[in-house]
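Student: With chain U held as given, fit chain H onto it using these hints.
Residue numbers (my numbering), protein chains in the order written: chain U, 480 to 554; chain H, 4 to 137.
Derived pair list, reagent style DMTMM-like, types lysine to aspartate or glutamate, alpha-carbon separation capped at 20 Å:
#, chain 1, residue 1, chain 2, residue 2
1, U, LYS552, U, GLU527
2, U, LYS552, U, ASP496
3, H, LYS84, H, GLU102
4, H, LYS29, H, ASP62
5, U, LYS523, U, ASP496
6, U, LYS487, U, ASP503
7, U, LYS552, H, GLU96
8, U, LYS523, U, GLU491
9, U, LYS523, H, GLU86
10, H, LYS84, H, ASP21
11, H, LYS84, H, ASP23
12, U, LYS487, U, GLU502
13, U, LYS523, H, GLU96
14, U, LYS487, U, GLU539
15, H, LYS29, U, ASP509
16, U, LYS552, U, GLU502
17, H, LYS29, U, GLU539
18, U, LYS523, U, GLU554
19, H, LYS84, U, GLU527
20, H, LYS84, H, GLU17
21, U, LYS552, H, GLU99
22, U, LYS487, U, ASP509
23, U, LYS523, H, GLU102
24, U, LYS487, U, GLU554
25, U, LYS552, U, GLU491
26, H, LYS84, H, GLU13
27, U, LYS552, H, GLU102
So these bits of chain H aren't anywhere near chain U, every CB distance computed over 10 Å:
#, residue
28, ALA16
29, ARG20
30, GLY30
31, PRO61
Keep in mind the hints are simulated off the structure, nothing from the lab.
Please read these numbers as outputs of a predicted model, since none were measured by experiment.
C-beta atoms are modelled at their ideal positions from N, C-alpha and C, and glycine is treated no differently.
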Amino acid sequence: MPTADEIKQRIESAIPDASVSVEDWTGGGDHFRATVVSPAFGGKSRIEQHRMVYAVFGGEIGGPIHALSLTTKAE
Amino acid sequence: MSETENPLREAIAEAIRDNDVILFMKGVPEAPACGFSARATACLQALNVPFAAVDILPDPRIRQELSGLSNWPTIPQLFVKGELVGGSDIIMEMYESGELAQTLGVEAPAAAPDEAPAGADPAPQALGIENRLG
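Looking at chain U on its own, in the form it has when it is part of the complex (with noise of 0.2 Å):
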């Protein structure tokens, strides 16, 4: 079961200069918030800010990691 810092730390070493903070929501380690905030996001809509998060974690999202709830933000 990922930690809240390891799911901080795969987003940040998948989107360039992300700052990324994370919590797990529940303490139950399957249901976490993010806010990402990358340069990266820049001119994109929020469903493909969050596609490009929730690809970091390909099929593990709706499994292991029950829930990820995002705010992303291009700076």
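Tutor: Below, chain H without anything else, positioned relative to chain U:
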């Protein structure tokens, strides 16, 4: 080709085409089975927008095909006029900024969705996708 090989995916695509506002969710609007689906429902109800709802829980293939079609991994998913608007985070953000009302072509209410749904139309049409296949 995909139409003949994947009738479920085609039925989902057709439901998205046929309904201007359609929410794929866990549970039904009267009884959402997940907090995220509940929040999405509350936003739509607070805006008094009629919407079709599809419960993805009865058959795991619905979610699988929906996500394959939309390239979006989580539930709920809101489509307006055939376009994916977002999941619960984006729906909430757009509700709060007034963009959701704009996208749906209605006026933004003064109250937040947490408090508003009491007065909302209680009977949005529930569309069971499995019935569409029958």
